[in-house]
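There are 2 protein chains.
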Amino acid sequence: MHSLFYFTISDFMNNELIKYLAGFITNNRFERFNEVIEYRTRYITIILEDIYQPHNASAVLRSCECFGVQDVHIIENNNKYSVNPDVALGSNKWLDIIKYNTLKNNTVSAIKQIKKKGYRIVATTPQINKVNLDNFDIKKGKVALLFGTELNGLSDEALNLADEFLNIPMFGFTESFNISVTVAIILKTLIYKLHHSNIIWKLSKKEREDLKLKWLKNSIKNSDFLIKNYKKKNNNISIF
Amino acid sequence: MHSLFYFTISDFMNNELIKYLAGFITNNRFERFNEVIEYRTRYITIILEDIYQPHNASAVLRSCECFGVQDVHIIENNNKYSVNPDVALGSNKWLDIIKYNTLKNNTVSAIKQIKKKGYRIVATTPQINKVNLDNFDIKKGKVALLFGTELNGLSDEALNLADEFLNIPMFGFTESFNISVTVAIILKTLIYKLHHSNIIWKLSKKEREDLKLKWLKNSIKNSDFLIKNYKKKNNNISIF
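Taken in sequence, the protein lines are chains A and B. Numbers in the working numbering are just positions in the first sequence, counted from 1, shifted up by 582. Numbers in the working numbering are just positions in the second sequence, counted from 1, shifted up by 582.
Honestly, the hints are just simulated from the structure, not real lab data. Glycine is no exception: its CB is placed at the ideal position from the N, C-alpha and C atoms. Each hint should be verified, as a subset may be incorrect.
Restraint ranges, calculated between C-beta atoms of paired labels, are given here [unchecked claim]: (1) Asp668/A to Lys796/B: 33 to 43 Å; (2) Glu789/B to Ser786/A: 14 to 24 Å; (3) Glu746/B to Glu613/A: 29 to 39 Å; (4) Val713/A to Lys694/B: 26 to 36 Å.
All chains, please: the whole structure from these sequences, using the hints.
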């Protein structure tokens, strides 16, 4: 009962804070936030294992942002994930990027954490031909798409933890697509399936508010100062 | 009558030459040629105007090869098209790459030549929202997809010559995909539509033989010497 009560207050406070901060961006901008948030999803997520070419890393973020995939999980073992701003075009600012880099090998720990959140781990590898992308069943549950490095693909640890394997139909001599191309083709196909399904894939009310607050903070100069001031003013406010 | 007669002889000669050269590669390799050639098409082609980042140029070639798109037209005005071998993975060896670089500005001349071959010119630009990719009618005729530079997109000359405009549905703040990603998403969608249509999209018998000969030449060391020798030996052969 207590936690529900507190949640309601914090919820109300968030809403008020959003209204307050929205006053510091243009109406058009805030409307755009509301439009974009309608297409945000955590039903599909991306896990990148040790991607090392900045133009690939950046193009992947850009595709996720364009398709509304909110969370991107980055496993850094041997390679630090760096972004090329000319390719990413600021898309990383709108996403939740979750990094796994505290251990010597972060793959197992990262995938297990994501599995605990209810995701089926779907590895994409041209070597193992299991499910053709066009036949992939999006309705079976939340999907975390796992992609490996440019040169060697996924590690054995990652492959062992995968629940399913996915491949893109190919018709030439070349046996794989470029990594950023692979991500984009799969997202295009699965997001289309998702939007045309009756799955509940949109963010919850709470998730939307948290995200809107985050976007506002990222879009307003000195937002920390504004929020501090706002909270000070409203500290003694009587809510009911 | 005469030209038909000569064509028949040259056709027969080509076929014999293919058989001869096939003896210099493994059976598996030659079988792969026959498999891949079944999925080659000139119903869809690609025109790249002034792409300058080698990783993009290379990823585009790789995607074309994987999807069976045989011809890639490269317009070089300000930028020379160079390939990054780590990204292209040799895919350019299997394609027909047609370059337009003799004039100061090659765009108009290139597009007009391609139009003459019966292609509808379809420009991809996020600024002009005309036909959504998912609704694009593949049955209306051969398609040449026109893509512009990384920074500024297509030139005015190119846009003026376009017959149709295509856009990929996008749901985020970022207003465009990376160029190699754009090409891949469009090809994935249109090749799927093509394979599931009743359009005659495969290469003709003559085109297949020419291509097979080209692939054999590219795959065999000293193929020029072998062909010269073969022709010398068979010069006085009586065909009928």
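Against the structure, the hints come out as follows:
1. For Asp668/A paired with Lys796/B, a C-beta distance near 37 Å keeps the hint of 33 to 43 Å intact.
2. At about 55 Å, the CB distance of Glu789/B to Ser786/A disagrees with the hint of 14 to 24 Å.
3. Between Glu746/B and Glu613/A the C-beta distance comes to about 30 Å, which sits within the given range of 29 to 39 Å.
4. A C-beta distance of roughly 44 Å is found between Val713/A and Lys694/B, which places it outside the suggested range of 26 to 36 Å.
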